[in-house]
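Residue numbers (the UniProt record's numbering), protein chains in the order written: chain A, 1 to 792; chain B, 1 to 354.
Check the hints yourself; a few may be wrong.
Pairs of lysine-lysine, DSS-like flavour, derived with a Cα cap of 30 Å [unchecked claim]:
(1) B/336 to A/603
(2) B/233 to B/318
(3) B/336 to A/613
Simulated from the structure, these hints should not be mistaken for laboratory data.
Listed below are the residues making up each chain.
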Amino acid sequence: MKFTLSWLRDHLDTTCSLHEIADTLTRIGLEVEEVTNPAEALAPFRVAEVLSAERHPQADKLQVLSVDAGEGPVQVVCGAPNARAGMKGVFGPPGAYVPGSDLTLKVAAIRGVESRGMMCSVRELQLGEEHDGIIELAVDAPVGSSFARYAGLDDPVFDVALTPNRPDCLGVRGIARDLAAAGLGTLREQPVRPVAARFPNPIAIRVEEGSGCEAFAGRLIRGVRNGASPEWLKRRLIAVGLRPISALVDITNFFSLDQARPLHVYDAAKLKGAVVARRARNGERFLALNDKEYAVTGEDCVIADEQAVLGLGGVMGGAETGVSERTTELLLECAWFDPERIGATGRRHTITSDARARFERGVDPTALEAMTEAATAMIVELCGGEASEVAVATTERWREVVAPRTVRFRPDRTADLAGLDLPASEQTNILQRLGFEVTGDGVLPPGWRPDIDGEADLVEEVARIHGFDGIPSSPLPRPAGVARPTATAAQRLERRVRRAAAANGLVEAITWSFVSEAEAAPFGPDQQEAAWIVANPISEELKVMRPSLLPGLLAAARRNLDRGATSVRLFEIGRRYLADAERPTLGIVLAGEAAPRRWQHGKAQPFTPFDVKAEVLALLEAAGAPVSNLQVFPDAGPTWHPGRSATVRLGPKAVLAAFGELHPRLARQFDVPAGTQAAELFLDAIPAPRGATRTRPAFTPPTLQPVTRDFAFIVPDELAADALVRAVRGAEKALIVGARVFDRYQPEGGQLSLAVEVVLQPTERTLTDDEIAAVSARIVSAAEKLGARLRG
Amino acid sequence: MSDLNTTLRQIAAAVDLQTLDGARVAALGKSGWVTALLKTLGQLSPEERQTRGPEIQGIRSRVAEAIAERKEQLEAAELERKLATERVDLSLPAVERPTGSVHPVSQVMEELAEIFADLGFAVAEGPEIETDWYNFTALNMPESHPARAMHDTFYCEPRDGEPARVLRTHTSPVQIRAMQSIGTPLRIIAPGRVYRSDSDATHTPMFHQIEGLVIDRAIHMGHLKWTLETFLKAFFEREDIVLRLRPSYFPFTEPSAEVDVGYSQEKGRRVVGGSDGWMEVLGSGMVHPKVIAAAGLDPDEWQGFAFGTGVDRLAMLKYGMDDLRAFFDGDIRWLKHYGFSALAVPTLSQGVGA
Numbered sequence: 001m002k003f004t005l006s007w008l009r010d011h012l013d014t015t016c017s018l019h020e021i022a023d024t025l026t027r028i029g030l031e032v033e034e035v036t037n038p039a040e041a042l043a044p045f046r047v048a049e050v051l052s053a054e055r056h057p058q059a060d061k062l063q064v065l066s067v068d069a070g071e072g073p074v075q076v077v078c079g080a081p082n083a084r085a086g087m088k089g090v091f092g093p094p095g096a097y098v099p100g101s102d103l104t105l106k107v108a109a110i111r112g113v114e115s116r117g118m119m120c121s122v123r124e125l126q127l128g129e130e131h132d133g134i135i136e137l138a139v140d141a142p143v144g145s146s147f148a149r150y151a152g153l154d155d156p157v158f159d160v161a162l163t164p165n166r167p168d169c170l171g172v173r174g175i176a177r178d179l180a181a182a183g184l185g186t187l188r189e190q191p192v193r194p195v196a197a198r199f200p201n202p203i204a205i206r207v208e209e210g211s212g213c214e215a216f217a218g219r220l221i222r223g224v225r226n227g228a229s230p231e232w233l234k235r236r237l238i239a240v241g242l243r244p245i246s247a248l249v250d251i252t253n254f255f256s257l258d259q260a261r262p263l264h265v266y267d268a269a270k271l272k273g274a275v276v277a278r279r280a281r282n283g284e285r286f287l288a289l290n291d292k293e294y295a296v297t298g299e300d301c302v303i304a305d306e307q308a309v310l311g312l313g314g315v316m317g318g319a320e321t322g323v324s325e326r327t328t329e330l331l332l333e334c335a336w337f338d339p340e341r342i343g344a345t346g347r348r349h350t351i352t353s354d355a356r357a358r359f360e361r362g363v364d365p366t367a368l369e370a371m372t373e374a375a376t377a378m379i380v381e382l383c384g385g386e387a388s389e390v391a392v393a394t395t396e397r398w399r400e401v402v403a404p405r406t407v408r409f410r411p412d413r414t415a416d417l418a419g420l421d422l423p424a425s426e427q428t429n430i431l432q433r434l435g436f437e438v439t440g441d442g443v444l445p446p447g448w449r450p451d452i453d454g455e456a457d458l459v460e461e462v463a464r465i466h467g468f469d470g471i472p473s474s475p476l477p478r479p480a481g482v483a484r485p486t487a488t489a490a491q492r493l494e495r496r497v498r499r500a501a502a503a504n505g506l507v508e509a510i511t512w513s514f515v516s517e518a519e520a521a522p523f524g525p526d527q528q529e530a531a532w533i534v535a536n537p538i539s540e541e542l543k544v545m546r547p548s549l550l551p552g553l554l555a556a557a558r559r560n561l562d563r564g565a566t567s568v569r570l571f572e573i574g575r576r577y578l579a580d581a582e583r584p585t586l587g588i589v590l591a592g593e594a595a596p597r598r599w600q601h602g603k604a605q606p607f608t609p610f611d612v613k614a615e616v617l618a619l620l621e622a623a624g625a626p627v628s629n630l631q632v633f634p635d636a637g638p639t640w641h642p643g644r645s646a647t648v649r650l651g652p653k654a655v656l657a658a659f660g661e662l663h664p665r666l667a668r669q670f671d672v673p674a675g676t677q678a679a680e681l682f683l684d685a686i687p688a689p690r691g692a693t694r695t696r697p698a699f700t701p702p703t704l705q706p707v708t709r710d711f712a713f714i715v716p717d718e719l720a721a722d723a724l725v726r727a728v729r730g731a732e733k734a735l736i737v738g739a740r741v742f743d744r745y746q747p748e749g750g751q752l753s754l755a756v757e758v759v760l761q762p763t764e765r766t767l768t769d770d771e772i773a774a775v776s777a778r779i780v781s782a783a784e785k786l787g788a789r790l791r792g
Numbered sequence: 001m002s003d004l005n006t007t008l009r010q011i012a013a014a015v016d017l018q019t020l021d022g023a024r025v026a027a028l029g030k031s032g033w034v035t036a037l038l039k040t041l042g043q044l045s046p047e048e049r050q051t052r053g054p055e056i057q058g059i060r061s062r063v064a065e066a067i068a069e070r071k072e073q074l075e076a077a078e079l080e081r082k083l084a085t086e087r088v089d090l091s092l093p094a095v096e097r098p099t100g101s102v103h104p105v106s107q108v109m110e111e112l113a114e115i116f117a118d119l120g121f122a123v124a125e126g127p128e129i130e131t132d133w134y135n136f137t138a139l140n141m142p143e144s145h146p147a148r149a150m151h152d153t154f155y156c157e158p159r160d161g162e163p164a165r166v167l168r169t170h171t172s173p174v175q176i177r178a179m180q181s182i183g184t185p186l187r188i189i190a191p192g193r194v195y196r197s198d199s200d201a202t203h204t205p206m207f208h209q210i211e212g213l214v215i216d217r218a219i220h221m222g223h224l225k226w227t228l229e230t231f232l233k234a235f236f237e238r239e240d241i242v243l244r245l246r247p248s249y250f251p252f253t254e255p256s257a258e259v260d261v262g263y264s265q266e267k268g269r270r271v272v273g274g275s276d277g278w279m280e281v282l283g284s285g286m287v288h289p290k291v292i293a294a295a296g297l298d299p300d301e302w303q304g305f306a307f308g309t310g311v312d313r314l315a316m317l318k319y320g321m322d323d324l325r326a327f328f329d330g331d332i333r334w335l336k337h338y339g340f341s342a343l344a345v346p347t348l349s350q351g352v353g354a
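Excised from the complex, chain A in its bound form (with noise of 0.2 Å):
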């Protein structure tokens, strides 16, 4: 919301300044952005005398003149066709900073002649569009006097960051209001003079319920003249951003900035019947201002007349009945929308207007009479004419928009819940300064605060004018003792296995929940639609939700490689976005090389499955998870590498994590290096640490050497290593205390053969050869159960 100091004046009485003032909107909760003053853009120029203009030399269309800007005569070269000696306007010297045309003036040669300044036209000092000529002045205006300060540009312009609950700020009137109860000034009286109806208003008015439209005031004014506005109201307009464009359509657009309330006006001879409000029915469309076509619809409270729609009510006028400068005669409308059909026209049709922007925020409904009375007023003064009776249409609703709403009011609530201690009569002092009627234990919120619905809202307007500066800073009771862990299991999981993969060397990043729906579909559930997509997506790589952490960390990786990155590993916990549930996951991603090349071995390493492997066993431990206990099972699923991928499991069926090769049609597809690594770890899937206690089990360090025995085994080529160390281990669970290969070996074409160390370890006395020997003997029978066999 922008307006001038000088329109703030009109309604505020007040010697504040403006810095006082400024400050003061924005303690209020009128926050302010700017304050700026045209005049100190445009302080260099000044009102100068064409003294003499000659043709230019060499251009038929360049003049020569000589300008006096109060320091006597200077050279000015001109292309303008209306500069000619004697007449007035605004010169700019060497040095001036021209802001329509982003250029800063100096002495320069054109075609020969130099030019010591220049004559500017209203868009070169950006106070319109028109560009047709250099600005004329008055043949009286004072030749060297500031031209800002001589057009009445001194005027500081306030623009002013809106919350939307205030639609009565969005009038002048209703900042100047704020104002005056905070102590900045009085607000102006402003008594409405009804303006004396002289004919009964030949056009019928009609709303229909339920069209959203609950009352529509209707005056006809004839014999107007709809000239140019005066120029004070001109320079408002231009000075807020608007264009003037003519007295009638300037007057509707003063009263929306001024007081909030949006009008208007209908060339009356170009409609036909009765105005009806009504809802629009389907396959009308209409031309609107903007001179776009709309295609209203049933949900659309659309003004009509017998022959067609005219415009969408308190969102947009027609262009056809529009009024223009042959207008005599014409309709003034000042009706009131609901605010919640205003807004979903204007976002059905995507449509933001001034008017809009008001009845969708909410409009004085009880101002309508002294409003249409107003605007009548204003349009007879500029545009001359006489005015007919207001035809006032209604609907049932309309006494229920209108009736007063009490709101209980108990000032102990202030202290209670904004913290500040004041007195009653203050409070209802600075209430009633607001336009509240207060009455006993009830408050009246005026017509122009229908944000006000609840006690809540008025400690507000008491705290707010009175200053939240005064709330006191009060400690938050606390309970005794040192401060109680907050964090839930799984917080405390995802920020431990966090730590884990940072001290293991993995970076941490942080992608884009969404992905394009091709990185997305080969790890959707069935290779098929991800669960949920974007509806509207700021562009196609970001509309589906990921069903993996890898697309994102594929991606990242890539662009790191491209970037000259040579070795990247990567890490995100994150949720993966699933169709019954967003799941912690925490993602890997291992590419280019695991080890550059160096001194000691030469060639640069690439990762292995086993590299991501170590990985994810690290932070399953660190995780919590019994990791002695999982079991890794063969391919992960078509994302994989089918022989270079496993998964984690705890028993058979809860995976806990899924890791390996990146599948090569993946690794194409992302544009990463073939034998990329990944793995994914489902946080939510790890069991969370048994038992409360902090006690250890009891452990006493045996004190008898442990005995370790190879055993190399031939085993059947599919038989995973896992597998027989876990037989290994089981064979003899009271006296085995580790297992592990140590060797794997396979002649060309001839038999796999796996080395395992097992460890012994006594605890009441040292072993004989013969209890070393049943250990064996049972060791090598499971074994034998896999199929493995001694090697001879």
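With the hints as your guide, set chain B onto chain A.
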């Protein structure tokens, strides 16, 4: 005695172990002169043995000691010579271990959790794909509410038999979920990803917010002010934090306040603290009675405050990044520069900054 001196000289002059052994054999060997002397002991009378015995034993031990001493010297010299050939250039690089890092957003979220834990706030969570009711309606934004349009909402394609979903536009729906699932009294923060259909230098379609909520019987805006002051002082690790509460509007709070924090200009950039100017950092207010009622609580009994701010923004203000888009690009150079060591766990005793 001359034999002894000769032998000792030979030992001392031995240049290697072999020469030394020759000297040993000449003195202590089977036919060495000391051995010969020892053999004479048996033929002596007891009286002579009394005097000669210790004398001869003395010679023997002096020779043996001299040999041992020389042997040690020679061995040490030998080792020196050997080691001199075993030198490696330790300025060559060792195996480089990859260094990992924690994303600044994660770090800041942990810092916030740590600070608020001390004030008794737990961390609550909620879904990012949220129903319209939780994201808007329950927060006093009915369908026609103009504030909805200001949210630049991402909508999800409808799924059969499920209520319409949006990508949550703020973390505020967690307020409702926490009131419903945890009940009262309540102190929570709710950090997480949020989404707005907006993209430019300072806006990304996904970013992070943190919500704070206190529900109790006698909580007012003074408590809100203190909580925010305390939190910002702890987070930015400086005492000269000045706040300004400015009346504002959020549908889900009443009264509502924007919170500005004073900043100062240090080395050409804005830093939080001091009072050269104000910048907006938080939205806050007293939870709207309709919101409390929507969560199933009695607004005549319960009241409290809520606040929200951008986590990414807090990170930028504290750690000095200036481009939000880089947060989500995954560039390892950026992540290593602005990221944090795994060991930099924020704690109250070590400090919550790193």
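Outcome of the hint check:
{"no.": "1", "hint": "B/336 to A/603", "in the structure": "holds (26 Å)"}
{"no.": "2", "hint": "B/233 to B/318", "in the structure": "holds (12 Å)"}
{"no.": "3", "hint": "B/336 to A/613", "in the structure": "holds (24 Å)"}
No hint from the list above goes unmet by this structure.
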